[in-house]
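Undergrad: This is what each chain is made of:
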Amino acid sequence: MTLAILNIDWSTLADGLALGATYALMAVGIGLVFGVLRLVNFAYGQLVMAGAFALALASEWGWPVWAGIVLCFAVVLALSIAMEHLVFRPLRGHSPAVMLVATFAVAFLLQSIALLWFGALGKIAFSLAFLNRPWTISSVDIRKIAIVAIVVAIVCLALLQLLLTRTEIGLHMRAASMDFATSRMLGVRANRVISFAVLISGALAAIVAVMLTVQNSQVTPDFALRDTIVVLAGVVVGGLNRPVPATLGGFAIGFATGVLGGALPTNQSQYIPAIVFAAVILVLLVRPRGLFDFSRTVERV
Amino acid sequence: MRRHLEELVVPLGLVVAAALLGTLVSISTQTYFTDTLVKVSIVVALYVFIGNSGVLSFGHISFVALGAWTAGVLTVPTSEKPAIMPNLADFLVHRHASNVMSLVIAAVVGGIAAFIVGIPLMRLSGLAAGIATFGVLEITHNLLTYEERVGPGQNAFSSVPETTGLRQAGIAAVVCIVVAFVYSRSRFGRLLRATREDDAAARAVGTSVYRQRLIAFTVSGFLAGLAGGLYVHLLPVQVNSVYLDLTFITLAMLVVGGTTSLFGAVVGALAVSALDSWLAVAENGTSLFGWHIDLPPGTAEIVVGSLMAAVLILRPSGLTGGRELRLRGVPWRGSASRARA
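Sequence order for the protein chains is A and B. Residue numbering for the first sequence follows the working numbering, beginning at 393 and increasing consecutively. Residue numbering for the second sequence follows the working numbering, beginning at 740 and increasing consecutively.
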């Protein structure tokens, strides 16, 4: 059973959806921090990389799967908190571009630490490899991880939506991302909101680390670097200011890359990065405020 | 113009001093000095655009890459081209250029590429500009990696005559600094800095932000192309050596020195290069004041990364404060605002 258009079969479609779902989670992680800090965290991929190395070490030490996942969360959350205190906090209030360059530096720093520690070949995380085996649904083979990724992403996004709309801290986060200064005057505690956003963003990075190591068990120092670049582009294309457009942007770019990668022959699919980024530039030119941002406000001089 | 001549003389003096210092050391150490001078050219190219416009660009290394590819393809001996670049396009197979000519063409290609890329991109500012220029870098890297009709693809550019020595690299750095100085003292440079300081006010007096940025982008693409030409004549360039790492280190140099001044760009390039080269030597074991030092490989990146992050956090306007150096005891003036990279 195949879809006639472009030669896309169902398993390619499922893989594309799974990649889109994973990228959507990364987009939310980046977007949450941007909302409260106006900071684009280029080092987000290195949080994922650290989590992936934690999983690899755990499987090397023969730990059970749940312990590896716990270690992964612990490492990523600790690193997020450290990053927030050492880098984000002192940078608060600088221009977004300065902060982008700063997190660019942090990304390279973390990557070179990983290079020093684990070497260029990295380590292998194999404890979750069984999720790569397919489930056969009416003669279509779909990898378990694709379904797991989609389900996990939907659950996470739903929980996050509840958190943002139904709890006090969620209300504070939304208020802070609309107007940080005013929300502080109205009693929103800045540090608490920021720490909370960074923690959730870290937790999402840990989840993404688990899912990406299943797809690609070879964990190298540049693990998730390419994904972060693509997600960042997707987030900016979607519109950084709001969580839903940012998520859609991340999903769209992941889905497009995944499906194109599966559907095109190698001599064409090697040019996917060029095609994707050309599309990104085009969108930025046509809709600089983001593809999915339909608000009409114009920045006043 | 005359009053500001020291803004030209001091950076030139630093570069000439570095080149002269390079003549005193052993041949193997000399490579580090030559490399440093090429980096100075790249960072000065970055300064022309980023420093004067205040708009971030991650894309300049793609013009370095294009310059390297141009100069490389034109100077590999014709007899060796089929072996190194078997899929080269017909019109490139028999083309050959002398060393200096290849550098000139590399610069022109860099400038034209920047102009073409700039036509759409210069409308963007802030984060959108950052991401879009990153996209340019990604596209260039992707195409050069797989497009074997214009170069060696994923292989290294071997057999390119290694003509970039201290003299050529020094002359090129001097050329870049003079061009950057003349540009930033010109009407165009002043207008562009006005848009950097206050976009709305500059527009109100009739400045076209778009046109001024496009001019600066083209000039800096020209310099970046020249630096790329020098780079390919210095060592066998491979597609990954003109990608993220080079982008990172050159941006680090600019930021550490101080984005908004030529002096800052040159000081940053020299200081970070000196540190980076020394650490690279120390990774192979060296001695300092009688201490034997043997650092594990990878230390250089960690130190430079920490330095860049620390400077951004503690002193975001860079070591020089983003000001030009004034001699004669005149207090430092220039833009007092923070570097808006």
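Any given hint could be a false lead.
Taking lysine to any residue and the SDA-like style, the derived pairs with C-alpha atoms no more than 20 angstroms apart in a straight line are [claimed, not checked]:
#1 A:K515 <-> A:L556
#2 B:K820 <-> B:I851
#3 A:K536 <-> A:S403
#4 A:K515 <-> A:E452
#5 A:K515 <-> B:G1037
#6 A:K515 <-> B:P1036
Hints in this document: simulated from the structure, not taken from any laboratory.
Undergrad: All the hints need checking, so say for each whether the structure fits it.
TA: Here's how the hints hold up against the structure:
no., hint, verdict
1, A:K515 <-> A:L556, "37 angstroms, violated"
2, B:K820 <-> B:I851, "25 angstroms, violated"
3, A:K536 <-> A:S403, "11 angstroms, holds"
4, A:K515 <-> A:E452, "9 angstroms, holds"
5, A:K515 <-> B:G1037, "18 angstroms, holds"
6, A:K515 <-> B:P1036, "18 angstroms, holds"
In this structure, the earlier hints numbered 1, 2 are contradicted, and the remaining ones agree with it.
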